[in-house]
Amino acid sequence: MFMVRGAKSGRINVFHNTCTHRGAVVCRQPAGNAKAFSCFYHAWTFDSEGRLMGIPDRDAYGGELDLAALSLRPVARVESYRGFVFASFDPDIEDLVSYLAGAIEYLDLVIDSTDGEMEIIKGTNEYCIEANWKLLAENSIDGYHAVSTHDTYFKYLLALGTDLAGGVNGTSYDLGNGHAVLEYRAPWGRPIAKWEPLFGEDSREEIARMRADLISRHGEVRGSRMADTNRNLLIYPNLVVNDIMAITVRTFMPLAPNRMDVTAWELAPRDELAQLRQRRLDSFLTFLGPAGFATPDDLEALESCQQGFTSGGVEWNDISRGMARTPAANDEAQMRAFWRRWSQQMGTAGYGERESR
Amino acid sequence: MTTTTGAPASPAARPAEAAQTAQPAQPTWPTWPVRPDEVVDLDALGRSRIEDFLCLEAQLLDAWDLDTWLTLFAPEASYVVPCNDSPDGDPARDLVLIDDDELRLRLRVERLNSRRAHREYPHSRTNHQFSNVVVGVREGDELPVVASFTVWRFRNGKASYYVGKYHYRFVAIDGRLRIRSKRVVLDMTTLRPAGDLAIIL
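If you're matching them up, the sequences are chains A and B in order. Counting with the working numbering, you get residues 1 to 357 for the letters of the first sequence. Counting with the working numbering, you get residues 358 to 558 for the letters of the second sequence.
Simulated from the structure, these hints should not be mistaken for lab results. Just so you know, not all the hints are guaranteed correct.
To be verified - Think about it this way: if two alpha-carbon atoms lie no more than 20 Å apart in a straight line, the pair counts; the simulated SDA-like pairs of lysine to any residue are:
{"#": "1", "chain 1": "B", "residue 1": "Lys515", "chain 2": "A", "residue 2": "Pro257"}
{"#": "2", "chain 1": "B", "residue 1": "Lys515", "chain 2": "B", "residue 2": "Ser538"}
{"#": "3", "chain 1": "A", "residue 1": "Lys8", "chain 2": "A", "residue 2": "Ala36"}
{"#": "4", "chain 1": "B", "residue 1": "Lys515", "chain 2": "A", "residue 2": "Gln307"}
{"#": "5", "chain 1": "B", "residue 1": "Lys515", "chain 2": "A", "residue 2": "Gly200"}
{"#": "6", "chain 1": "A", "residue 1": "Lys122", "chain 2": "B", "residue 2": "Lys515"}
{"#": "7", "chain 1": "B", "residue 1": "Lys515", "chain 2": "A", "residue 2": "Ser304"}
{"#": "8", "chain 1": "B", "residue 1": "Lys515", "chain 2": "A", "residue 2": "Phe309"}
{"#": "9", "chain 1": "A", "residue 1": "Lys134", "chain 2": "A", "residue 2": "Val240"}
{"#": "10", "chain 1": "A", "residue 1": "Lys35", "chain 2": "A", "residue 2": "Leu65"}
{"#": "11", "chain 1": "A", "residue 1": "Lys122", "chain 2": "B", "residue 2": "Thr547"}
{"#": "12", "chain 1": "A", "residue 1": "Lys122", "chain 2": "A", "residue 2": "Ala256"}
{"#": "13", "chain 1": "A", "residue 1": "Lys35", "chain 2": "A", "residue 2": "Phe2"}
{"#": "14", "chain 1": "B", "residue 1": "Lys515", "chain 2": "A", "residue 2": "Lys8"}
{"#": "15", "chain 1": "A", "residue 1": "Lys122", "chain 2": "B", "residue 2": "Thr546"}
{"#": "16", "chain 1": "B", "residue 1": "Lys515", "chain 2": "A", "residue 2": "Ile12"}
{"#": "17", "chain 1": "A", "residue 1": "Lys122", "chain 2": "B", "residue 2": "Ser405"}
{"#": "18", "chain 1": "A", "residue 1": "Lys122", "chain 2": "B", "residue 2": "Asp445"}
{"#": "19", "chain 1": "B", "residue 1": "Lys522", "chain 2": "B", "residue 2": "Glu408"}
{"#": "20", "chain 1": "B", "residue 1": "Lys515", "chain 2": "A", "residue 2": "Cys305"}
{"#": "21", "chain 1": "A", "residue 1": "Lys35", "chain 2": "A", "residue 2": "Arg77"}
{"#": "22", "chain 1": "A", "residue 1": "Lys134", "chain 2": "A", "residue 2": "Leu273"}
{"#": "23", "chain 1": "B", "residue 1": "Lys515", "chain 2": "A", "residue 2": "Ala349"}
{"#": "24", "chain 1": "A", "residue 1": "Lys122", "chain 2": "B", "residue 2": "Pro444"}
{"#": "25", "chain 1": "A", "residue 1": "Lys122", "chain 2": "B", "residue 2": "Asp447"}
{"#": "26", "chain 1": "B", "residue 1": "Lys515", "chain 2": "A", "residue 2": "Gly308"}
{"#": "27", "chain 1": "B", "residue 1": "Lys522", "chain 2": "B", "residue 2": "Leu469"}
{"#": "28", "chain 1": "B", "residue 1": "Lys522", "chain 2": "B", "residue 2": "Thr547"}
{"#": "29", "chain 1": "A", "residue 1": "Lys122", "chain 2": "B", "residue 2": "Asp544"}
{"#": "30", "chain 1": "B", "residue 1": "Lys515", "chain 2": "A", "residue 2": "Glu130"}
{"#": "31", "chain 1": "B", "residue 1": "Lys515", "chain 2": "A", "residue 2": "Arg259"}
{"#": "32", "chain 1": "A", "residue 1": "Lys122", "chain 2": "A", "residue 2": "Leu273"}
{"#": "33", "chain 1": "B", "residue 1": "Lys515", "chain 2": "A", "residue 2": "Phe2"}
{"#": "34", "chain 1": "A", "residue 1": "Lys122", "chain 2": "B", "residue 2": "Met545"}
{"#": "35", "chain 1": "A", "residue 1": "Lys122", "chain 2": "B", "residue 2": "Ser443"}
{"#": "36", "chain 1": "B", "residue 1": "Lys515", "chain 2": "A", "residue 2": "Thr310"}
{"#": "37", "chain 1": "B", "residue 1": "Lys522", "chain 2": "B", "residue 2": "Ser405"}
{"#": "38", "chain 1": "B", "residue 1": "Lys522", "chain 2": "B", "residue 2": "Pro550"}
Here the structure is a predicted model, which is why all the values come from computation and not from measurement.
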């Protein structure tokens, strides 16, 4: 697939990256501007609205060619919400706002946290995990593993002078349609807008000003929620927007039952103060990046699960944690929300054929 | 929540870990043409002496002797790896994979020496290889050096690789050759062939 804004319509078009002639890809650059998409194989050319504009030696078809039918194939459904473009191969899927259900509130909290525009920072994390994709859906909203898996990250924070005393405290919510979120307080600072010593004394005033600004714009409850609390949001099935010490937008595609490609970007206010941007960049790469102090250990955990599953003796995972209480951020209610939706959609097909041993 | 579920591995605890990961023997200083404590003249340093130094660095990394590896850096050290899709990435503005100053580099080494860096416990076997070494023209107190590299990583039955270019800035600290900055630019268009980047390149 590729995405392009139509030069005439201004619409965001998402097309299958497939020439309607013989199938080669028509967009071969990762990003940029183009007036036309010309297939290099036989030089069929399409415009940014997907219309077929040029065919070399067109006379050979004797005027029988239906150009409209040979437009680039759009992906079945494309809708945007506040700059997030969603595509679906299901033509009958419900409208995006209904689909997002309770997740809307959490996307709003991210986008509304600046009065300017958000941008994706240059530099993409494109890595891979040799594990089933659903394990990353779980892991991205798993508060229980933080202490055990990420011990070296907390030690790193401690070495930098972060006060870990408050710990991680919060709640998990089922947002409907398989979406789920953890909302919690954590020791680390937030560039919007929770100061900690690591940010430096010279940022203290600016962060206090940003926090006051949020509260004046959104009221005490919503404003302080944006400033002080962290949110790990899973939008079913494979989009994660974690608004923590930095904001990651992460998606993952299964390539095989035991392998996924992960692509992650960093979201930030476009006109952020340089010193806050620096802290945000540092926080992202040290915690969320695949060369940091935490994410490699998540990869190890997921691949370790995948390896453990192959032994065949343990057929089920236990994700009952928190069923006996109001689910906390380190419980597993959010995973149950994901799996219930998955089970509902997959039916018995989700369980596969039972192998005879 | 408590985060003090275990102390970082103390230096005394490391030999036991090392034994478990069957590490190769460490290089012995006197056999090396360039010793870290040897006084050198930055202007008179030819390519082969730089290559000796890079070879020493590679051996230390392959031996997981990261504490000694750290001593190859100048006090104001920097170690940067840009993202695969933006090789010109500037750590002050752009998202990069690694942006270590002296402190973070030391903390990275502490992490990798610990048993709780799960991705690297037990450690991968690595082979750091370099070639096409070009010694540049001295700029101020720095000597720029560029080299191609391939780093092979083997662990848990999996083989992966990293390919790219090293961009070094060497300085002489009290006459001793040290790395002031090491920028590692990956040629792979994504990190996917390697999975992640938990090791040091």
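Do the hints match the structure? See the list:
1. B:Lys515 x A:Pro257: holds (17 Å)
2. B:Lys515 x B:Ser538: violated (31 Å)
3. A:Lys8 x A:Ala36: holds (12 Å)
4. B:Lys515 x A:Gln307: Holds: B:Lys515 and A:Gln307 sit about 12 Å apart, inside 20 Å.
5. B:Lys515 x A:Gly200: Status violated; Cα separation ~42 Å.
6. A:Lys122 x B:Lys515: violated (31 Å)
7. B:Lys515 x A:Ser304: Distance of about 13 Å is within 20 Å: holds.
8. B:Lys515 x A:Phe309: Holds: B:Lys515 and A:Phe309 sit about 18 Å apart, inside 20 Å.
9. A:Lys134 x A:Val240: holds (12 Å)
10. A:Lys35 x A:Leu65: violated (23 Å)
11. A:Lys122 x B:Thr547: holds (14 Å)
12. A:Lys122 x A:Ala256: Cα-Cα ~29 Å, so violated.
13. A:Lys35 x A:Phe2: At roughly 15 Å apart (the allowed maximum being 20 Å), A:Phe2 and A:Lys35 satisfy the hint.
14. B:Lys515 x A:Lys8: Distance of about 50 Å is beyond 20 Å: violated.
15. A:Lys122 x B:Thr546: holds (15 Å)
16. B:Lys515 x A:Ile12: Since the Cα atoms of B:Lys515 and A:Ile12 sit roughly 41 Å apart, the hinted pair is violated (cutoff 20 Å).
17. A:Lys122 x B:Ser405: violated (38 Å)
18. A:Lys122 x B:Asp445: Holds: A:Lys122 and B:Asp445 sit about 10 Å apart, inside 20 Å.
19. B:Lys522 x B:Glu408: holds (14 Å)
20. B:Lys515 x A:Cys305: Roughly 16 Å separates the two Cα atoms, so the pair holds.
21. A:Lys35 x A:Arg77: violated (24 Å)
22. A:Lys134 x A:Leu273: Answer violated: A:Lys134 to A:Leu273 is near 37 Å, above 20 Å.
23. B:Lys515 x A:Ala349: violated (31 Å)
24. A:Lys122 x B:Pro444: Holds. A:Lys122 to B:Pro444 sits at ~11 Å (cutoff 20 Å).
25. A:Lys122 x B:Asp447: With Cα atoms ~9 Å apart, A:Lys122 and B:Asp447 stay inside 20 Å; holds.
26. B:Lys515 x A:Gly308: Cα-Cα ~16 Å, so holds.
27. B:Lys522 x B:Leu469: Given that 20 Å is the threshold and the Cα spacing comes to 23 Å, the pair is violated.
28. B:Lys522 x B:Thr547: Holds. B:Lys522 to B:Thr547 sits at ~15 Å (cutoff 20 Å).
29. A:Lys122 x B:Asp544: holds (17 Å)
30. B:Lys515 x A:Glu130: Judged against 20 Å, a Cα distance of about 10 Å means the pair holds.
31. B:Lys515 x A:Arg259: holds (13 Å)
32. A:Lys122 x A:Leu273: holds (17 Å)
33. B:Lys515 x A:Phe2: violated (32 Å)
34. A:Lys122 x B:Met545: Holds - the C-alpha atoms of B:Met545 and A:Lys122 are around 17 Å apart, at most 20 Å.
35. A:Lys122 x B:Ser443: holds (7 Å)
36. B:Lys515 x A:Thr310: holds (16 Å)
37. B:Lys522 x B:Ser405: Between B:Lys522 and B:Ser405 the Cα gap is close to 18 Å, so the pair holds against 20 Å.
38. B:Lys522 x B:Pro550: holds (17 Å)
Consistency note: the structure conflicts with the earlier hints numbered 2, 5, 6, 10, 12, 14, 16, 17, 21, 22, 23, 27, 33.
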